[in-house]
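Asker: Sequences listed follow chains C and A, in order.
Using UniProt numbering, you'd call the opening residue of the first sequence number 1 and step up by one each time.
Using UniProt numbering, you'd call the opening residue of the second sequence number 1 and step up by one each time.
Warning: the hint list may mix true and false statements.
Here are the simulated DSS-like cross-link-like pairs (lysine-lysine), alpha carbons at most 27 Å apart as the crow flies [what the hints assert, rightly or not]:
hint: 1; chain 1: C; residue 1: Lys263; chain 2: A; residue 2: Lys236
hint: 2; chain 1: C; residue 1: Lys188; chain 2: A; residue 2: Lys236
hint: 3; chain 1: C; residue 1: Lys250; chain 2: C; residue 2: Lys236
hint: 4; chain 1: A; residue 1: Lys263; chain 2: A; residue 2: Lys188
hint: 5; chain 1: A; residue 1: Lys250; chain 2: A; residue 2: Lys269
hint: 6; chain 1: A; residue 1: Lys269; chain 2: A; residue 2: Lys236
Simulated from the structure, these hints should not be mistaken for laboratory data.
Protein chains: 2
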Amino acid sequence: MAEGPKKAIRRSTFMEVPYLSDPHRNLMVDLTSTVETRLDSQLLPCTLPENVRYFENQNGTSHATLYLRSGISSSPLEEILTVEICSVLKDLRPLLTSELEKIDFLSGIWIHSELPTGGELNITSLAMYLNSSTDAPNFTMDLILSSPTSLILYLNLLPRKDLVLHPDYLNTFYQDTELETQRQLLDKIPEVRPYFSPSLYVRSLLSPTAIMVRIEAEAAERMEEIIREHVHPVAKEALRIWMDQCACVKREVSQTERDYLRKRDEVVKTNTIEADLASSLLRLFGPETADRVQAAIRAVYFST
Amino acid sequence: MAEGPKKAIRRSTFMEVPYLSDPHRNLMVDLTSTVETRLDSQLLPCTLPENVRYFENQNGTSHATLYLRSGISSSPLEEILTVEICSVLKDLRPLLTSELEKIDFLSGIWIHSELPTGGELNITSLAMYLNSSTDAPNFTMDLILSSPTSLILYLNLLPRKDLVLHPDYLNTFYQDTELETQRQLLDKIPEVRPYFSPSLYVRSLLSPTAIMVRIEAEAAERMEEIIREHVHPVAKEALRIWMDQCACVKREVSQTERDYLRKRDEVVKTNTIEADLASSLLRLFGPETADRVQAAIRAVYFST
Numbered sequence: 001m002a003e004g005p006k007k008a009i010r011r012s013t014f015m016e017v018p019y020l021s022d023p024h025r026n027l028m029v030d031l032t033s034t035v036e037t038r039l040d041s042q043l044l045p046c047t048l049p050e051n052v053r054y055f056e057n058q059n060g061t062s063h064a065t066l067y068l069r070s071g072i073s074s075s076p077l078e079e080i081l082t083v084e085i086c087s088v089l090k091d092l093r094p095l096l097t098s099e100l101e102k103i104d105f106l107s108g109i110w111i112h113s114e115l116p117t118g119g120e121l122n123i124t125s126l127a128m129y130l131n132s133s134t135d136a137p138n139f140t141m142d143l144i145l146s147s148p149t150s151l152i153l154y155l156n157l158l159p160r161k162d163l164v165l166h167p168d169y170l171n172t173f174y175q176d177t178e179l180e181t182q183r184q185l186l187d188k189i190p191e192v193r194p195y196f197s198p199s200l201y202v203r204s205l206l207s208p209t210a211i212m213v214r215i216e217a218e219a220a221e222r223m224e225e226i227i228r229e230h231v232h233p234v235a236k237e238a239l240r241i242w243m244d245q246c247a248c249v250k251r252e253v254s255q256t257e258r259d260y261l262r263k264r265d266e267v268v269k270t271n272t273i274e275a276d277l278a279s280s281l282l283r284l285f286g287p288e289t290a291d292r293v294q295a296a297i298r299a300v301y302f303s304t
Numbered sequence: 001m002a003e004g005p006k007k008a009i010r011r012s013t014f015m016e017v018p019y020l021s022d023p024h025r026n027l028m029v030d031l032t033s034t035v036e037t038r039l040d041s042q043l044l045p046c047t048l049p050e051n052v053r054y055f056e057n058q059n060g061t062s063h064a065t066l067y068l069r070s071g072i073s074s075s076p077l078e079e080i081l082t083v084e085i086c087s088v089l090k091d092l093r094p095l096l097t098s099e100l101e102k103i104d105f106l107s108g109i110w111i112h113s114e115l116p117t118g119g120e121l122n123i124t125s126l127a128m129y130l131n132s133s134t135d136a137p138n139f140t141m142d143l144i145l146s147s148p149t150s151l152i153l154y155l156n157l158l159p160r161k162d163l164v165l166h167p168d169y170l171n172t173f174y175q176d177t178e179l180e181t182q183r184q185l186l187d188k189i190p191e192v193r194p195y196f197s198p199s200l201y202v203r204s205l206l207s208p209t210a211i212m213v214r215i216e217a218e219a220a221e222r223m224e225e226i227i228r229e230h231v232h233p234v235a236k237e238a239l240r241i242w243m244d245q246c247a248c249v250k251r252e253v254s255q256t257e258r259d260y261l262r263k264r265d266e267v268v269k270t271n272t273i274e275a276d277l278a279s280s281l282l283r284l285f286g287p288e289t290a291d292r293v294q295a296a297i298r299a300v301y302f303s304t
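Hey, can you work out the whole structure from these sequences and the hints?
Answerer: In structure tokens, the structure reads:
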């Protein structure tokens, strides 16, 4: 081949990252484009600098692409309007941003790393967070392949309220949506086992229908088959449920509830970056790159 | 034997229920008496009427004993003081009830039922709830044996705050207490598999270190061995952690937090009775007995 994967990844957009198996890439491309097609009008373009959209470590063994799109209604007015008319129109913002605009941000990250053991680590992640105009759950999905035959799958409609205190919320978004059917479909595959994250905080984010499993296949071909035949349709259906019954449904949210949602979302975002992402970035890319990437993520996560 | 088990159960106290295997009974007796010895000064005697302490269904195929002890500081003053001095001393209550009295109630229920299929169902449950003077977790443990070789074990330090919003609470009661070690000990037993309750509400009550497993043994002897060698020590250690690091630790709780805890606890109790216990009681004992028992439970659960 004239071009190595490193060169290929530099030129690539978020969805053209090499290294992944076809079924894995197809899953990520399908889900990302399904969301972007449906919610495009609510999303600003990705404005990340080039050295955050793609980054690697010093010796070139780890590569990653990051993709972040803020929701229109979650972004500072300056990003949408010129500074001159910004102050005049500030009070009119509720009229400018439609009630339908509920997206806080869409985030995608794909990481590839050559392991010292000779193996390869591939992580792909897709998340859509809603803003405080709705209390509906967020969508998060991570696939962590520590080898071509070993996958950890995390697929969660992340609750934005304390489910114990709000059984009606549990019924609306988890019972009535029949998300449990999807969890059970995957649970039937012989290679699928429940997985317990070493982070108790990550566990506490799991809804009662969350999928947190380890899949160990005998061969790479079987893993590809499992992703294509089982993981993909389950993830697609969970995404459809999220779009139809969470992201695009109008909810009555009082000002007190909005303040509560903002605070709770902030704790989740902070802990997700600090407890979960920070250590991986530091380990795989070193402190300088990790800091730069985290700063860029924080700028989008905490833009409101 | 001159006496059948039915006669034996009528005479028995809570901890002398027949039908259970020795290791299962020993576990329940050990845990209950450990708690009662340590926290006896905080507990009132069980004042349930005879037909609630023991009850059965019409054709005598289902039997149960119920045991409820209110915490001193959670009980109406009338139960502690004579009516005459009650009104005078009402305002002095905070001085009368020590800061150390944190127990809301201790509850135990043991159910035995002959199944239409010819098998036997044995359920034993032990729970200690704390009152709103502390935000520390409650202790709950259920063993559900649908046959001598099939057990569902639920062992949970039930969080009393939204863990997602309060990572410090998660650290104090779940990370620093190393409860996860106990979960992992059981997880290593070959017959142990994660179990998913059909009730999403029950799942939402689980802490990140909760044990919710199904144990399928090849023979009754092996199940007895697993309960004796593995379940018993793990449950005992979880109880020790709960007593040392939850029930007997002073926590600063503001009035606002107390109101919140009272409300959240009430939702949990209501749902535990209605979603979880009510259907079992109705199915096994019929509507009249189920109503009587539930009323008695409600009287203790909601006495404050």
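Asker: Please verify whether A/Lys250 and A/Lys269 have alpha carbons no more than 27 Å apart.
Answerer: Between A/Lys250 and A/Lys269 the Cα gap is close to 23 Å, so the pair holds against 27 Å.
Asker: Between C/Lys263 and A/Lys236, does the CA-CA distance stay at or below 27 Å?
Answerer: Distance of about 38 Å is beyond 27 Å: violated.
Asker: Measure nothing beyond the straight line between the CA atoms of A/Lys269 and A/Lys236; if it is 27 Å or shorter, mark the hint as holding.
Answerer: holds, 24 Å
Asker: Below or equal to 27 Å on CA atoms is what counts here, so check C/Lys250 against C/Lys236.
Answerer: holds, 22 Å
Asker: Just to be careful, I want the Cα atoms of A/Lys263 and A/Lys188 compared with a cutoff of 27 Å; is the pair within it?
Answerer: violated, 38 Å
Asker: Do the alpha carbons of C/Lys188 and A/Lys236 lie within 27 Å of each other, as the hint requires?
Answerer: violated, 34 Å
Violation of the numbered hints given earlier is confined to hints 1, 2 and 4; the remaining hints are satisfied by the structure.
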